[in-house]
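Number of protein chains: 4
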Amino acid sequence: MHVSVVGLGNMGHAIAANLLKARFALTVWNRTPQRADNLVAAGAARAATPADAGRADIVITMLADDGAVEHVVFEEGVLESLPRNAIHVSMGTISVRLSERLTAAHAQRGSTFVAAPVFGRPDAAAAGRLFVIAAGRGDALDQCEPVFGAIGQRTFRVGEHPPHANVIKLAGNFLIASMIESLSEAVALARKSGIDARAFIDLLTNTLFAAPAYKTYGGLIAEERYRPAGFRMPLGLKDVTLALDAARDRTVPLPIASLVRDRMLEALANGYDDADWSALGAVAAKAAGLRRSSR
Amino acid sequence: MHVSVVGLGNMGHAIAANLLKARFALTVWNRTPQRADNLVAAGAARAATPADAGRADIVITMLADDGAVEHVVFEEGVLESLPRNAIHVSMGTISVRLSERLTAAHAQRGSTFVAAPVFGRPDAAAAGRLFVIAAGRGDALDQCEPVFGAIGQRTFRVGEHPPHANVIKLAGNFLIASMIESLSEAVALARKSGIDARAFIDLLTNTLFAAPAYKTYGGLIAEERYRPAGFRMPLGLKDVTLALDAARDRTVPLPIASLVRDRMLEALANGYDDADWSALGAVAAKAAGLRRSSR
Amino acid sequence: MHVSVVGLGNMGHAIAANLLKARFALTVWNRTPQRADNLVAAGAARAATPADAGRADIVITMLADDGAVEHVVFEEGVLESLPRNAIHVSMGTISVRLSERLTAAHAQRGSTFVAAPVFGRPDAAAAGRLFVIAAGRGDALDQCEPVFGAIGQRTFRVGEHPPHANVIKLAGNFLIASMIESLSEAVALARKSGIDARAFIDLLTNTLFAAPAYKTYGGLIAEERYRPAGFRMPLGLKDVTLALDAARDRTVPLPIASLVRDRMLEALANGYDDADWSALGAVAAKAAGLRRSSR
Amino acid sequence: MHVSVVGLGNMGHAIAANLLKARFALTVWNRTPQRADNLVAAGAARAATPADAGRADIVITMLADDGAVEHVVFEEGVLESLPRNAIHVSMGTISVRLSERLTAAHAQRGSTFVAAPVFGRPDAAAAGRLFVIAAGRGDALDQCEPVFGAIGQRTFRVGEHPPHANVIKLAGNFLIASMIESLSEAVALARKSGIDARAFIDLLTNTLFAAPAYKTYGGLIAEERYRPAGFRMPLGLKDVTLALDAARDRTVPLPIASLVRDRMLEALANGYDDADWSALGAVAAKAAGLRRSSR
Chain A
378 MHVSVVGLGN MGHAIAANLL KARFALTVWN RTPQRADNLV AAGAARAATP
428 ADAGRADIVI TMLADDGAVE HVVFEEGVLE SLPRNAIHVS MGTISVRLSE
478 RLTAAHAQRG STFVAAPVFG RPDAAAAGRL FVIAAGRGDA LDQCEPVFGA
528 IGQRTFRVGE HPPHANVIKL AGNFLIASMI ESLSEAVALA RKSGIDARAF
578 IDLLTNTLFA APAYKTYGGL IAEERYRPAG FRMPLGLKDV TLALDAARDR
628 TVPLPIASLV RDRMLEALAN GYDDADWSAL GAVAAKAAGL RRSSR
Chain B
378 MHVSVVGLGN MGHAIAANLL KARFALTVWN RTPQRADNLV AAGAARAATP
428 ADAGRADIVI TMLADDGAVE HVVFEEGVLE SLPRNAIHVS MGTISVRLSE
478 RLTAAHAQRG STFVAAPVFG RPDAAAAGRL FVIAAGRGDA LDQCEPVFGA
528 IGQRTFRVGE HPPHANVIKL AGNFLIASMI ESLSEAVALA RKSGIDARAF
578 IDLLTNTLFA APAYKTYGGL IAEERYRPAG FRMPLGLKDV TLALDAARDR
628 TVPLPIASLV RDRMLEALAN GYDDADWSAL GAVAAKAAGL RRSSR
Chain C
378 MHVSVVGLGN MGHAIAANLL KARFALTVWN RTPQRADNLV AAGAARAATP
428 ADAGRADIVI TMLADDGAVE HVVFEEGVLE SLPRNAIHVS MGTISVRLSE
478 RLTAAHAQRG STFVAAPVFG RPDAAAAGRL FVIAAGRGDA LDQCEPVFGA
528 IGQRTFRVGE HPPHANVIKL AGNFLIASMI ESLSEAVALA RKSGIDARAF
578 IDLLTNTLFA APAYKTYGGL IAEERYRPAG FRMPLGLKDV TLALDAARDR
628 TVPLPIASLV RDRMLEALAN GYDDADWSAL GAVAAKAAGL RRSSR
Chain D
378 MHVSVVGLGN MGHAIAANLL KARFALTVWN RTPQRADNLV AAGAARAATP
428 ADAGRADIVI TMLADDGAVE HVVFEEGVLE SLPRNAIHVS MGTISVRLSE
478 RLTAAHAQRG STFVAAPVFG RPDAAAAGRL FVIAAGRGDA LDQCEPVFGA
528 IGQRTFRVGE HPPHANVIKL AGNFLIASMI ESLSEAVALA RKSGIDARAF
578 IDLLTNTLFA APAYKTYGGL IAEERYRPAG FRMPLGLKDV TLALDAARDR
628 TVPLPIASLV RDRMLEALAN GYDDADWSAL GAVAAKAAGL RRSSR
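Chains as they are written, first to last, in our numbering: chain A, 378 to 672; chain B, 378 to 672; chain C, 378 to 672; chain D, 378 to 672.
Accuracy of the hints is not assured; some may be wrong.
Have a look at the derived ranges for each label pair, beta carbon to beta carbon [to be verified]:
hint, chain 1, residue 1, chain 2, residue 2, range
1, A, A587, D, G648, 38 to 48 Å
2, D, T593, C, R400, 37 to 47 Å
3, A, A399, B, L612, 47 to 57 Å
4, C, R486, A, R400, 40 to 50 Å
The hints are simulated quantities; they were obtained by calculation from the structure and are not laboratory data. Every residue, glycine too, gets a C-beta built ideally from N, C-alpha and C.
Full structure from sequences and hints, please.
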């Protein structure tokens with residue numbers, strides 16, 4: 378089975394490497410071609426264009442945003458070059474609307490669209506420990522099974538309608554963002570009460586909230602360690618905005634998402650555009666009149 | 378060591394039963410005396426009044442709200458009858474202000490105040506599996522150690538200043554409430570997108586949010602199973618309001634808490650006063666125009 | 378001077394009629410041609426296409442949304458047919474981004490773009506009593522002066538940069554929407570306190586808030602008279618969303634706008650899509666558990 | 378008719394002066410007695426204690442907050458010394474709960490309670506141009522009519538139940554606060570778009586919002602002129618909090634009030650405790666990353 382990966386950022390590169398390791402016939406493409414060098418050295422073919430990459434059984438796109446996906450698919454030839462019965466798997470975080478458009482465009486041409494966004498940070502991608510949220514036609518998902526197996530620890534099939542996977546991904550990121558904001562406020566209250574923030578987070582994550590996400594983000598907020606970014610604030614804003622867009626299209630109010638979006642804008646307007654999205658903690662601290670601790 | 382328990386609701390009764398099992402000399406008091414009957418049958422002494430209960434080495438209060446605590450302590454004699462060097466341990470969820478007042482009142486009389494609110498629902502209390510968040514003078518906490526050991530799985534000492542324990546308890550309940558609201562919004566989005574709510578929660582709690590609290594509350598919201606209540610909405614509102622009050626006294630804005638408070642008021646105004654606080658899920662569903670599923 | 382009006386909804390039709398009355402040489406175009414009949418009977422020329430209408434000294438577009446403007450301007454030929462040195466005046470409520478795009482597109486072709494959104498409802502348009510908020514090159518605004526004079530009671534020049542006029546229009550509509558929401562909440566509080574809503578509004582608008590907008594919207598909310606719509610809820614949502622979009626592009630959080638947007642979504646999800654945007658009053662009343670009064 | 382005024386702050390002093398001018402037999406009391414000196418010089422009697430002041434036909438209290446009213450009425454003898462059939466008129470902004478308590482306490486003793494809060498700033502009080510919102514028994518309001526006539530431009534009778542007047546006063550102040558916040562956000566958007574804030578406010582207040590409150594507060598925000606304070610931020614917070622408290626007692630969510638309260642807390646936590654409540658404009662500007670303009 379011939380697989381292509383289009384987009385070799387942190388996530389795409391790790392995915393491609395794992396596919397190579399699993400001995401797939403792999404073609405790769407990236408706008409900045411050097412990103413592909415070590416993969417090519419390890420046995421991958423280099424596509425000259427997205428259209429070249431499109432000549433495969435399965436084409437995976439792992440790109441930064443809707444614009445990038447639209448560009449390679451509709452303007453640079455992925456859609457056109459993809460053989461009938463071949464599969465386009467979008468693994469990045471894209472809008473539900475674009476997922477709907479891709480579903481229709483592929484159906485019209487006789488190819489198949491699968492949405493398979495993932496949960497997991499780059500380290501999980503490198504370790505092949507992603508969670509894959511996959512939606513699409515059953516036979517296509519069957520065909521993708523070995524691919525998903527090579528890059529993730531578990532695949533969740535969430536039905537035949539690709540956009541469902543995107544809704545779930547966006548809802549998941551919204552939940553993380555709202556957890557970050559809530560923790561930020563709680564930590565501000567604790568700190569201004571004279572309670573040690575680190576001890577406070579330790580206590581919470583050993584009692585009520587023994588989940589990795591709470592430990593990770595609670596720790597960053599308690600230590601005000603917002604740089605280097607694991608997931609940059611503008612990407613967080615993008616995802617919360619996509620969740621709000623999908624919700625608007627379905628006439629669903631998401632007041633917490635709206636609130637978080639405003640706090641993210643405040644973060645961006647005040648110098649946190651290069652920081653991790655946990656820098657919502659800095660916004661909450663500032664609102665409470667807390668100075669940055671001296672560490 | 379002679380211990381009294383004042384207040385035998387679900388939590389207080391379970392705590393008293395565990396102290397009996399651990400062979401403490403136990404005195405109990407409850408405004409409705411019949412609640413004490415089976416404890417007395419099992420060996421506890423029945424206090425005729427709160428003042429009687431106050432004649433002990435350690436008096437635990439586990440009462441519904443500030444008013445109940447103030448009444449037994451300041452008006453019905455617990456403070457006056459408590460011996461010098463004896464300890465008053467407040468385990469209920471009380472305001473930070475009352476905790477400050479109790480700290481001062483006991484200090485003035487030569488007795489000691491310890492705040493030791495707990496995390497855990499009545500079943501955890503019955504199983505002796507509570508988490509105890511304790512703050513107070515070190516020697517007093519040492520003395521309380523066997524008591525805490527009999528009723529909880531772990532004790533967290535959070536310093537010498539009793540109100541700190543109350544801030545942490547309230548912050549924890551605020552975080553649970555904000556998690557419930559976030560999940561409620563996410564589930565509304567999923568349902569209105571045509572995604573099965575139960576499957577959505579299963580996926581989340583097997584990936585990003587593998588924490589018991591997410592499983593418990595996510596499940597209740599997905600199944601719209603808001604009655605019988607594990608923790609009633611008015612109590613949830615009380616605790617979020619206490620968190621907001623403490624935050625106001627420290628000049629800390631908590632916008633998520635404010636938002637959750639308003640949703641809780643909406644729930645109470647629309648017939649959910651006897652429901653679990655997870656009925657925020659019903660408010661979010663209604664806001665999205667979803668009808669109650671037919672189960 | 379030859380003037381065209383493209384778009385003959387309530388507002389566009391009234392504007393065209395006033396231009397006729399003021400004896401401008403007038404050409405009109407509307408997608409549903411019958412809307413033009415009485416104007417043609419009164420002396421206007423009927424354009425066969427938007428491109429035909431574009432052959433004028435000043436082309437006014439007064440269309441429902443960005444999509445409609447983009448369609449007639451970029452796809453149906455208004456831009457192309459507009460003579461060099463002629464002026465396109467957009468009077469509808471469009472996005473700031475589209476205004477930027479139109480500014481650039483016209484500049485490139487040697488024509489001029491003027492943004493001139495208006496404040497005022499259809500009755501004010503009919504009476505020639507609109508307020509015109511105009512931005513664009515000074516010489517172009519000079520040329521438009523007689524047109525603005527024929528349709529409005531006063532023109533505000535707000536600079537050379539057309540998008541500024543659109544920001545101001547959107548900010549104005551955001552302020553109206555936030556006033557409606559605030560009044561809705563205040564009326565819910567008054568009603569649930571047993572205070573007559575009508576008397577409450579009368580008092581406010583005779584003391585603190587002696588402004589027509591408060592009288593109009595306060596009256597509608599107090600009387601729960603949400604239909605027929607003066608300005609439909611979906612249009613309100615569109616404008617608040619455009620304000621939020623412009624604010625996001627400038628990294629400005631607008632928490633009140635976010636809140637109002639969510640309440641509008643709740644209104645739309647609960648049957649108020651054909652109601653006036655003052656039906657935010659119904660959302661606030663429902664949140665407070667108030668039943669519709671029996672009138 | 379013998380009238381007493383208890384509390385000679387800016388408002389109370391102005392009221393007392395107008396009552397003297399209108400030739401009422403006047404007794405005054407203030408905790409800091411020097412505030413009364415010029416009134417005494419002009420013919421007022423000085424009460425030695427609140428109880429002394431209570432021996433009158435009508436006792437007006439104009440005090441800073443609930444605590445001050447409770448103190449003079451319940452602990453310093455105003456209630457006890459007030460003759461049967463005499464009237465206590467509370468003109469300050471007090472809580473609805475205290476108004477209920479005063480209504481009951483006076484009824485029990487055979488005296489009468491009237492709530493008559495006012496709209497208007499100190500300059501309106503000095504000019505006798507206040508608006509009086511009065512509620513209480515009809516005969517008592519009749520008796521107060523000449524007093525109200527001497528201090529205000531118009532009296533609104535809002536029924537027999539005194540707390541209704543307090544609800545209306547608090548709702549009015551909530552509406553002003555929400556207007557300030559909305560204007561603050563709109564001005565931040567305008568400024569960050571490059572639009573002159575002063576011109577923006579002029580335009581709005583000459584079109585949509587030709588109300589004095591918009592002119593006053595819009596001007597302060599546009600000019601960032603937050604000191605000296607006309608109405609201090611902590612008082613604004615107090616009033617919004619009282620509105621939220623009354624709403625909670627009636628199970629009415631007020632999401633805009635909650636949002637404004639949080640922004641006021643942010644203002645207080647960041648150095649605006651001595652500023653006018655229009656300094657919400659500074660909070661919105663900071664959230665948008667705007668620097669204070671150099672004026």
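Hints that the structure is at odds with (numbers, increasing): Going through the list in order, the structure violates hint 4 alone and respects the others.
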